[in-house]
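Engineer: Got chain A sorted already, so can you dock chains B and C onto it with the hints?
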Amino acid sequence: MDNTTCIVDIARYFIAFCADESCGLCAPCRLGTVQLEEILNRITGGKGTLEDLDKLESLGEVVQQTSLCGLGQTAPNPVMSTLRHFRDEYLAHVVDKTCPAGVCTALLPVEVTVGKEK
Amino acid sequence: MTVLSALKTVNLTLDGREIIAHEGDTVLEAALTAGIDIPRLCHDPRLKPVGACRLCVVEIEGERGLLTACTMEVAEGMVVETETDRLAAKRKTVLELILDDHRVTCPTCDKNGDCALMDYSYRYQADQFAFGGYKPGPVEPNFATGNKAIAFDPQLCINCGRCVRICDEVVMASALTFKMRAASVEVTTPFDMPLNETSCVLCGLCITTCPTGAMYDRAALGQGQIKDLEKVQTVCPYCGVGCTIELNVNRANNRIVRVTSQVGSVPNDGNLCVKGKFGFEYVHSPERLTTPLIKENGEFREASWDEALELAGRRLRELRDEHGPDSIAFLSSCRCTNEENYLMQKVARTAGATNNVDQCATTCHAPTVAGLAATFGSGAMTNAIDEIKDVDTLFIIGSNPTEAHPIIGLEMKKALKKGAKMVVCDPRKTWVAEHADIHIQHKPGTDNMLINAMMRHILEEELHDAEFVEGRCENFEAFSKNLQDYTVAEAAELCDVPAELIMRAAEMYAAGEPSSIFYTLGITEHTSGTENVQNLANLAMLCGQIGKRSSGVNPLRGQNNVQGGCDMGAMHGDFPGYQKVDDEVVRFKFAEAWGVDIPTNKGGRVTDFIEQAGDGVLRGFYVFGEDPVLSEPNQAKVIKSLENLEFLVCQEIFMSETAKLADVILPATSFAEKDGTFTNTERRVQRVRKAVEPPGQAKADWEIICLMSTAMGHPMSYDNAGEIFDEMASLTPSYGGMSFERIDEVGLQWPCPTPDHPGTGFLHAGSFTRGLGLFHEIRFREAAELPDDDYPYILSTGRTLYNYNIGNMTQKSDAIRQKQSKNFVEMHASDAERLGVANDDLVTVTTRRGEVTVKAVVGDRTRPGALWMPFHFVDQPTNRITNDAFDNITRTAEYKVCAATVKKSAEVPAAT
Amino acid sequence: MTAVDLGPARAVLEDMAPVDHGLAIPLLQNIQDTYGYLPREVLLDLSSETGIPASHLFGLATFYAQFYLEEHGRHTVRVCRGTACHVRGRKIIQEAIDDELGIGPGETTEDRRFSLETVACVGTCFLAPVVMVDHDYFGNVDPKKVGEIMSGYE
Numbered sequence: 001m002d003n004t005t006c007i008v009d010i011a012r013y014f015i016a017f018c019a020d021e022s023c024g025l026c027a028p029c030r031l032g033t034v035q036l037e038e039i040l041n042r043i044t045g046g047k048g049t050l051e052d053l054d055k056l057e058s059l060g061e062v063v064q065q066t067s068l069c070g071l072g073q074t075a076p077n078p079v080m081s082t083l084r085h086f087r088d089e090y091l092a093h094v095v096d097k098t099c100p101a102g103v104c105t106a107l108l109p110v111e112v113t114v115g116k117e118k
Numbered sequence: 001m002t003v004l005s006a007l008k009t010v011n012l013t014l015d016g017r018e019i020i021a022h023e024g025d026t027v028l029e030a031a032l033t034a035g036i037d038i039p040r041l042c043h044d045p046r047l048k049p050v051g052a053c054r055l056c057v058v059e060i061e062g063e064r065g066l067l068t069a070c071t072m073e074v075a076e077g078m079v080v081e082t083e084t085d086r087l088a089a090k091r092k093t094v095l096e097l098i099l100d101d102h103r104v105t106c107p108t109c110d111k112n113g114d115c116a117l118m119d120y121s122y123r124y125q126a127d128q129f130a131f132g133g134y135k136p137g138p139v140e141p142n143f144a145t146g147n148k149a150i151a152f153d154p155q156l157c158i159n160c161g162r163c164v165r166i167c168d169e170v171v172m173a174s175a176l177t178f179k180m181r182a183a184s185v186e187v188t189t190p191f192d193m194p195l196n197e198t199s200c201v202l203c204g205l206c207i208t209t210c211p212t213g214a215m216y217d218r219a220a221l222g223q224g225q226i227k228d229l230e231k232v233q234t235v236c237p238y239c240g241v242g243c244t245i246e247l248n249v250n251r252a253n254n255r256i257v258r259v260t261s262q263v264g265s266v267p268n269d270g271n272l273c274v275k276g277k278f279g280f281e282y283v284h285s286p287e288r289l290t291t292p293l294i295k296e297n298g299e300f301r302e303a304s305w306d307e308a309l310e311l312a313g314r315r316l317r318e319l320r321d322e323h324g325p326d327s328i329a330f331l332s333s334c335r336c337t338n339e340e341n342y343l344m345q346k347v348a349r350t351a352g353a354t355n356n357v358d359q360c361a362t363t364c365h366a367p368t369v370a371g372l373a374a375t376f377g378s379g380a381m382t383n384a385i386d387e388i389k390d391v392d393t394l395f396i397i398g399s400n401p402t403e404a405h406p407i408i409g410l411e412m413k414k415a416l417k418k419g420a421k422m423v424v425c426d427p428r429k430t431w432v433a434e435h436a437d438i439h440i441q442h443k444p445g446t447d448n449m450l451i452n453a454m455m456r457h458i459l460e461e462e463l464h465d466a467e468f469v470e471g472r473c474e475n476f477e478a479f480s481k482n483l484q485d486y487t488v489a490e491a492a493e494l495c496d497v498p499a500e501l502i503m504r505a506a507e508m509y510a511a512g513e514p515s516s517i518f519y520t521l522g523i524t525e526h527t528s529g530t531e532n533v534q535n536l537a538n539l540a541m542l543c544g545q546i547g548k549r550s551s552g553v554n555p556l557r558g559q560n561n562v563q564g565g566c567d568m569g570a571m572h573g574d575f576p577g578y579q580k581v582d583d584e585v586v587r588f589k590f591a592e593a594w595g596v597d598i599p600t601n602k603g604g605r606v607t608d609f610i611e612q613a614g615d616g617v618l619r620g621f622y623v624f625g626e627d628p629v630l631s632e633p634n635q636a637k638v639i640k641s642l643e644n645l646e647f648l649v650c651q652e653i654f655m656s657e658t659a660k661l662a663d664v665i666l667p668a669t670s671f672a673e674k675d676g677t678f679t680n681t682e683r684r685v686q687r688v689r690k691a692v693e694p695p696g697q698a699k700a701d702w703e704i705i706c707l708m709s710t711a712m713g714h715p716m717s718y719d720n721a722g723e724i725f726d727e728m729a730s731l732t733p734s735y736g737g738m739s740f741e742r743i744d745e746v747g748l749q750w751p752c753p754t755p756d757h758p759g760t761g762f763l764h765a766g767s768f769t770r771g772l773g774l775f776h777e778i779r780f781r782e783a784a785e786l787p788d789d790d791y792p793y794i795l796s797t798g799r800t801l802y803n804y805n806i807g808n809m810t811q812k813s814d815a816i817r818q819k820q821s822k823n824f825v826e827m828h829a830s831d832a833e834r835l836g837v838a839n840d841d842l843v844t845v846t847t848r849r850g851e852v853t854v855k856a857v858v859g860d861r862t863r864p865g866a867l868w869m870p871f872h873f874v875d876q877p878t879n880r881i882t883n884d885a886f887d888n889i890t891r892t893a894e895y896k897v898c899a900a901t902v903k904k905s906a907e908v909p910a911a912t
Numbered sequence: 001m002t003a004v005d006l007g008p009a010r011a012v013l014e015d016m017a018p019v020d021h022g023l024a025i026p027l028l029q030n031i032q033d034t035y036g037y038l039p040r041e042v043l044l045d046l047s048s049e050t051g052i053p054a055s056h057l058f059g060l061a062t063f064y065a066q067f068y069l070e071e072h073g074r075h076t077v078r079v080c081r082g083t084a085c086h087v088r089g090r091k092i093i094q095e096a097i098d099d100e101l102g103i104g105p106g107e108t109t110e111d112r113r114f115s116l117e118t119v120a121c122v123g124t125c126f127l128a129p130v131v132m133v134d135h136d137y138f139g140n141v142d143p144k145k146v147g148e149i150m151s152g153y154e
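Taken in sequence, the protein lines are chains A, B and C.
No gaps in the numbering here: position 6 of the first sequence is 6 in the numbering used here, and each next residue is one more.
No gaps in the numbering here: position 556 of the second sequence is 556 in the numbering used here, and each next residue is one more.
No gaps in the numbering here: position 106 of the third sequence is 106 in the numbering used here, and each next residue is one more.
Heads up, a few of these hints could be off.
To be verified - Which stretches of chain B does chain A cover? Using the computed rule of at least three CB atoms under 8 angstroms from a CB of chain A, they are:
{"id": "1", "region": "56-69"}
{"id": "2", "region": "97-109"}
{"id": "3", "region": "179-193"}
Just so you know, these hints were derived from the structure itself, not from any lab.
We put the CB at the ideal spot given by N, CA and C, even for glycine.
Extracted from the complex, chain A is given alone in its bound form (with noise of 0.2 angstroms):
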């Protein structure tokens, strides 16, 4: 991983994975991740708001605290701490509505999206 990899979309790439994986037994993961997920895909997707900064922290909390097991427990770990040492991304993403790594494409000029292409 390097500067062409978008740190807010690894984050949302790995709460997919747990989504995913989860059992679906407890409650908080089974839903929690989900909407991680949610909150994510609308960040990369050029919809996110600073609110949404807010409850990822929340919610991943939660969901860290109050799931059965492990995979509920540390699948929102990527998230928090992505946010904790990256939240300028984050801020990039939300705010200026940008990607920094050019990787998210509803958040990138024309012009660079079709050089990307190749």
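Structural biologist: Just chains B and C, lined up with the frame of chain A:
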């Protein structure tokens, strides 16, 4: 087996309060007992906790993270906080997640008033739009679509898993599962099959445990929100288990909307079966009788009560005056209350001046009453239902509990889960037979040979309880000498069972710690019924497996109040409490109380009445809540006999087959429309409460009986059912300490002789009711009609799970009819092959009495050479072909054995 | 539709006997190896032979992605969507395969030649992006070479 007081106590602190719990309790259980309502959605006291909803998380000092109270066991010195701001915030979010996956529809939801999700959402002010709000997709068909009993709305389902678990753990039917995983999980059946095609037994426990409205009674939809319905606690009107139920009534239209039951209720712990849960439609059936009817020129016309009562009362009285006390008879109803049965035998003996009174016990368990009375001195189930789960070895003979007494079946399943062993003696492969350690599939009608051989083996191997036999019984010498004539080898031959199994079964029973015998009509409905019962008593006494907790001889009584019918003395030789009519002291007591001379004629039983009607000896018959045309054997003869009567009056809720022959019909009430009591099979007397008004001019049965008595010349009236009960209790020592107040909540088990007596759990502790238990020498006798060249099959009859007896109540239920609405015959695959019969083909079953044409159910449930039919259907009625041969002591018919033949029918099955 | 032959399933049962609840997953795996998927009739028959409730077998079969309840393609194409493959352009590989076979993940071609699925990780990250066909691994896959890979399988 642990008793509560023997468990170690554990001290812990909950929310700052010092609490004393017991070893093995969970934090949740300790909290609930202390009145702390920790929120929970996936918990049900009947189920193993799973910690799925995560709402019950609590803070425990010294523990990392939050733990679920439902799974955490208490420990000495534990300090727990159940309600902090932090916990509230977490719970609020979890609830918001759940609400975002749930179609929030409270204003139009039937569950409103009993919805845990709604209650907790309110408590924690969860916002249903916190995550955007649930957007319902299109409604797709699911496994319950089209099912008339159970319905499922996946948009309301919160995936708590309780329905799946209760079906697995409590019912052990395992019809439901989760398919898929993660957020795609959905409750369904295997391959999404329609529910009625799965192992589902329609018990509706999935509905009772569902915390939201996802699983619901199809018939209740839109009939009233739970918060607006009135719940009336009463007793189920079907079998002898006597489950406590709540009729949910919509007062606006006087209708019962659904049946529920509270967890913790006695004796069923909130559990019900298909009949109790879905079989109440008959109460509101448009076929209910609503006015008195008088037959004129072969047709019925409506009449006033005065006219009908005057005619009926006068005719019965005239017949008795002219032809004596043996010319009229009274048939009481074991579906009806104790008060009504008490009054019926009182009317017979006062206004009727005859001892000709009987009820349906003769049809089924009279051999129990007579047999156990002779051996132990008391003819009732010796143990209580809640002792069943602690039985170590279940010995089940002539009984199919998971179908005929489903809730007792559930208690046995609890025992099995605790590791109990099980011996089942049944010619058919029932559920219990298939799950038994030993299944003895003996030939029908060979029980005494089997039991004698077992006892011989037990004696020979010295596995009996010599001390018990010596100290608590008598007549052992003659009894054991009799057994010398019976060998295991001979029994193996005659019963067609491997000798090895007989010996192992005997050994298993003798060694149980403890063992308990359970039997039903497979033992009593034989020409040797009473002797069969006495032999089981012998077996129990021989091994000392009686007179202690979870150990004894347990007849599972059939009807909701057959125990009561017998207890109330609706029998020719007994007064209430089995006080004998020919006992002068007793006669004097009743004569004083009732102000009449007690009649002295011998009197007979219902099977005698039918024969005497045919002979012209019996001329007048008052039939109350019974349908002998459908329930007695050899239907053609029954009809002919009843047609020969000079006067027949029927007190009924429907135009039964017997009522069609009547001269006067009096419209009566169902259990839901009157007050009174029923006594269940474990001798528990419970309150029956009026929930709805009867239709039309129908009156409560006890009121009608009083009016009939008056019309017959003996004025009788009571203000209410409680008065009748009190009068009865004052004359009946075993009921002496009971009253409506005392039995109000959970009832009381007799004997309960004084107002401060707590009732009696198990009988014969220390000594038998008659003092010493009496061994009987039982000789094996063949059944009355054995197979021969013309009729080479043995036909037995019995009950199924879905319908009850003659089906007049259950067949009025759409849900039940959808599952089972036509008669059928079970036959073995090898016989079917030989006859060219395939499953579902129509076959004609013929006996010397007649023939019926029904669907064949081909499999390996029955033995080769044996046929089995239920008797629930008025169309192609099974009792047209059964044998009117009777037990030598109680005149109970041999429904379990007659000779039949079967062949493929020329008829083409009608499209269903 | 022809009825499924229960013979092979009964043979599997005999081999594995005694089969109780604890062996449910290995049983399903062996059955799938035998039939290529888990036929409904076979599962229902297994249930009545072993006493394992049909609901449990169905629950297991739908829980795990490795089990198929419908007839499957002769060859299974698995596109890895693990972390390494994800960042190394697996999306483009995915689209190329979708175009080549004309089916999406979870589907089977009309002629039952291929079934396509995406999997979370095959553990050969040093070869990312990875595509598996049956038990064969293809590493460093070039989207333009997808057709070539597929043509090697009848």
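Engineer: Next step is simple, just say for each hint if it's right about the structure.
Structural biologist: Structure-based check of all given hints:
1. Only when three residues or more bring their CB closer than 8 angstroms to a CB of chain A does the claim for the region 56-69 of chain B stand; here the count is 4, and the claim holds.
2. Requiring three or more residues with a Cβ within less than 8 angstroms of a Cβ of chain A, the coverage given for the region 97-109 of chain B holds, as 4 such residues are present.
3. Counting residues of the region 179-193 of chain B whose CB lies closer than 8 angstroms to any CB of chain A gives 6, which reaches the minimum of 3, so the coverage claim holds.
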